[in-house]
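Chemist: Now for the letters of each chain:
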Amino acid sequence: MSGVRQGYVRPLDFKNGVVDMTHGGGGRAMAQLIDELFARRLGNSYLRQGNDGAVMPMPPGRLVMSTDGHVVSPLFFPGGDIGCLSVNGTINDVAVLGATPLYLAAGFILEEGFPLADLARIVDSMASAASAAGVPVVTGDTKVVQKGAGDGVYITTTGVGVVADGDDFSGDRARVGDQIIVSGSIGEHGMAIMAQRESIGFAAQIVSDTAALHGLIAAMRASGAAIRALRDPTRGGVATTLNEIARQSGVGMMLQESAIPVQPEVAAACEFLGLDPLYVANEGKLLAIVAAADADALLAAMRAHPLGVHAAVIGSVHADAHHFVQMTTSFGGRRIVDWLTGEQLPRIC
Amino acid sequence: MRFIDEFRDGKLATGLAAAIRQAARDDRDYHFMEFCGGHTHAIARYGVTDLLPPSVRLIHGPGCPVCVLPVGRIDMAIRLAREAGVSLCSYGDPLRVPASGGLSLLKAKAALNGKSGGGEIRMLYSGADALALAQQHPERQVVFFAIGFETTTPPTAVLIKQAQALGLRNFSVLCCHVLTPSAIASILESPEVRRWGTLPLDGFIGPAHVSTIIGTRPYEFFADEYRKPVVIAGFEPLDVMQAILMLIKQVNAGRALVENQFSRAVTRAGNRKAQQLVSEVFELRRSFAWRGLGELPYSALRIRREFAEFDAERRFGVDYQAVEDHPACECGAVLRGVKRPQECRIFGSVCTPENPIGSCMVSSEGACAAHYSFGRFADLAVAS
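Protein sequence lines, in the order shown, are assigned to chains A and B. Be aware that the first sequence starts at 4, since it is given in this note's numbering, and climbs by one per residue. Be aware that the second sequence starts at 28, since it is given in this note's numbering, and climbs by one per residue.
The reader is advised that the hints may include incorrect statements.
[Claimed, not checked] In silico DSSO-like cross-links for lysine-lysine, where the CA-CA straight-line distance does not exceed 30 Å:
| no. | chain 1 | residue 1 | chain 2 | residue 2 |
| --- | --- | --- | --- | --- |
| 1 | B | Lys142 | A | Lys150 |
| 2 | A | Lys146 | B | Lys142 |
| 3 | A | Lys146 | A | Lys18 |
| 4 | B | Lys276 | B | Lys38 |
| 5 | A | Lys150 | B | Lys134 |
| 6 | B | Lys366 | B | Lys276 |
| 7 | B | Lys38 | B | Lys188 |
| 8 | A | Lys18 | A | Lys150 |
[Stated by the list, open to error] Chain A residues, not near chain B, derived (Cβ > 10 Å throughout):
| no. | residue |
| --- | --- |
| 9 | Asp55 |
| 10 | Val58 |
| 11 | Glu115 |
| 12 | Ala123 |
| 13 | Asp175 |
| 14 | Asp297 |
[To be verified] Simulated DEER-style distance windows between Cβ atoms:
| no. | chain 1 | residue 1 | chain 2 | residue 2 | range |
| --- | --- | --- | --- | --- | --- |
| 15 | B | Asn382 | A | Ala324 | 19 to 27 Å |
| 16 | A | Ala167 | B | Gly129 | 51 to 59 Å |
| 17 | A | Arg250 | B | Pro218 | 38 to 46 Å |
| 18 | B | Leu284 | A | Ala300 | 53 to 61 Å |
| 19 | A | Phe79 | B | Tyr152 | 22 to 30 Å |
| 20 | B | Asp406 | A | Ile203 | 35 to 43 Å |
Quick caveat, the hints were computed from the structure, so don't treat them as lab data. The beta-carbon is built from N, C-alpha and C at its ideal position, and this holds for glycine as well.
Model the full assembly from the supplied sequences, consistent with the hints where possible.
Modeler: Structure (structure tokens):
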């Protein structure tokens, strides 16, 4: 304890308090919210600089930057919440470009009346995700909108990382003969959200797979395999991501349905709701396109990492002027795995 | 997944495919119509045709509830929301079907919702949600846009009876329920089948869920009168394969019987309780306009006079007005089995799932949407 007596400050009421308009007004209340809630939980030396931005050292290499708005509903779901989701999601967007994620910025849009206890829980979750990933939140912004003009809290995160010269993972580099690998079972995040929204009680709860993937990617790079492209299949799922890569690279793909890992409870929930797991969002999975000769080595490296234990080769790249993603069904037939039509699951991340 | 995977088993499919190849004679083709959109969807999604010999051809039938709804019926729903100011509640698929004047329920919804005092259009998953809405908002008139074949009719009957029991004065139903046997009769009576023979038809893969309600008996007339075998089949891909084998055997033996592949859910008599409920609440319409099939006598249901206050057509005085389909749209021919989706001039170019021109491109059970989403690689000589 210092000898100086604390000023006359009424601490924030994290038990019963709610966000009000003054918390975004730029005055004392906002300063207090930033100080007691954000800075205290997310605390790091950059954030403590207390400026409108942060000044950070920059390792050599090229800069990679990505931004992602998070509007998930419900805010809290099995396996995570909007807080850790907003940290992991942006780290993944930086990491799949082959970059080492370094720093995050976070922008909050809060709705008047949102409980401070929930906000604290969300920021705690961001803090522990950022700390586990080793990627600090170095600057941020808070705005408050009137009751009814938002839905609790929206979080936009921006990530910065560096990538060495010559490391170019890009969706336009898939080549005929390449193998397609998924890092684990698909559809868990989307179905965790849907099961919660639709109040579906299954014997085994479906848990979101939200996770930061840069550790797995580092292990994959260390294997020395010729990785062409990496991408995290979030909204629109594996089907959408593969269609994007097929179009970018000007190739076709053929998947084997029986090789695609899907947890039984996810398959059951999809069946129940009339959804296809190939189109359901993931938040802790990645797809890798790799030269055929290196597929086994890459698969082994992935399976040795906790986030890649269930990695599997699910298909291959072939020549096709129409850029179709096709699939041999478990039934023995063939079909297209098409672009998603319309909106399957709104506000999933 | 138990009770699901068993009906999608690849090994069993291979075995059935071999049995079908063996049973199919070399000197003839087999043309079978799968009546239901549920069958069409399963065939496309699991790639069933890839397991069949080329002599077995499947023809998509009219059994997709959204597809057979004529434009004029969608117009009625839009008028109810726009002119009568009701809360019009619909399932998701009908929202995207193009209606008159460049509108759809979805476009009308965007234009209406948010304006105070007027009507609104809501999407829901169950008619029960419409009833709940009426209970929560006694100041609003709530109309449920009821579509579908015999499978969805009993739940609508339940809603109307519940509304009556609750004494609701603000709930009604725009009844567009249609009858399967009428559609089959229309196909069999069509000049393409009956007179010209341009649509060869050797038998039907009969409805699954519809038959749980009406049973297999109503199809016996078609087998007897038109000499076309009917095999009632479930909606799983193995069900479809097995039904095809059963049909081939009937055709080879010169038989025309109603057989029940879907015996795990369907009986000859059907669900009598549901049938009774339906006849209590509904009666036959003298005539009803179908997309593609035209005006068919006694082919649809309307709400009985005893429940007139729950009949949106009577309560709000909305009449059906026939509207021509888009001139380039071939949905009518597709629904009659006369054309395949890819034979429509605008398939995949003007008419796509994102911008449907005709109803068959809207629902996932529609023949055009199923072929576009799952099967169009086959038209384009794509490497395997």
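Chemist: It remains to establish, for every hint, whether it holds in the given structure.
Modeler: Consistency of the hints with the structure:
1. B/Lys142 - A/Lys150: 20 Å, holds
2. A/Lys146 - B/Lys142: 28 Å, holds
3. A/Lys146 - A/Lys18: Cα-Cα ~21 Å, so holds.
4. B/Lys276 - B/Lys38: Holds: lysine 276 of chain B and lysine 38 of chain B sit about 22 Å apart, inside 30 Å.
5. A/Lys150 - B/Lys134: Given that 30 Å is the threshold and the Cα spacing comes to 28 Å, the pair holds.
6. B/Lys366 - B/Lys276: 26 Å, holds
7. B/Lys38 - B/Lys188: 47 Å, violated
8. A/Lys18 - A/Lys150: It holds: about 20 Å lies between the C-alpha atoms, which stays within 30 Å.
9. Asp55: Non-interface label stands for aspartate 55 of chain A: nearest chain B Cβ at 37 Å, farther than 10 Å.
10. Val58: 45 Å, holds
11. Glu115: 21 Å, holds
12. Ala123: 34 Å, holds
13. Asp175: Non-interface label stands for aspartate 175 of chain A: nearest chain B Cβ at 20 Å, farther than 10 Å.
14. Asp297: The claim stands: aspartate 297 of chain A keeps its Cβ more than 10 Å from every Cβ of chain B (closest is about 23 Å).
15. B/Asn382 - A/Ala324: 19 to 27 Å: 23 Å, holds
16. A/Ala167 - B/Gly129: 51 to 59 Å: 54 Å, holds
17. A/Arg250 - B/Pro218: 38 to 46 Å: About 45 Å separates the Cβ atoms of arginine 250 of chain A and proline 218 of chain B, which means 38 to 46 Å holds.
18. B/Leu284 - A/Ala300: 53 to 61 Å: 60 Å, holds
19. A/Phe79 - B/Tyr152: 22 to 30 Å: 24 Å, holds
20. B/Asp406 - A/Ile203: 35 to 43 Å: Hint holds: Cβ distance 38 Å, inside 35 to 43 Å.
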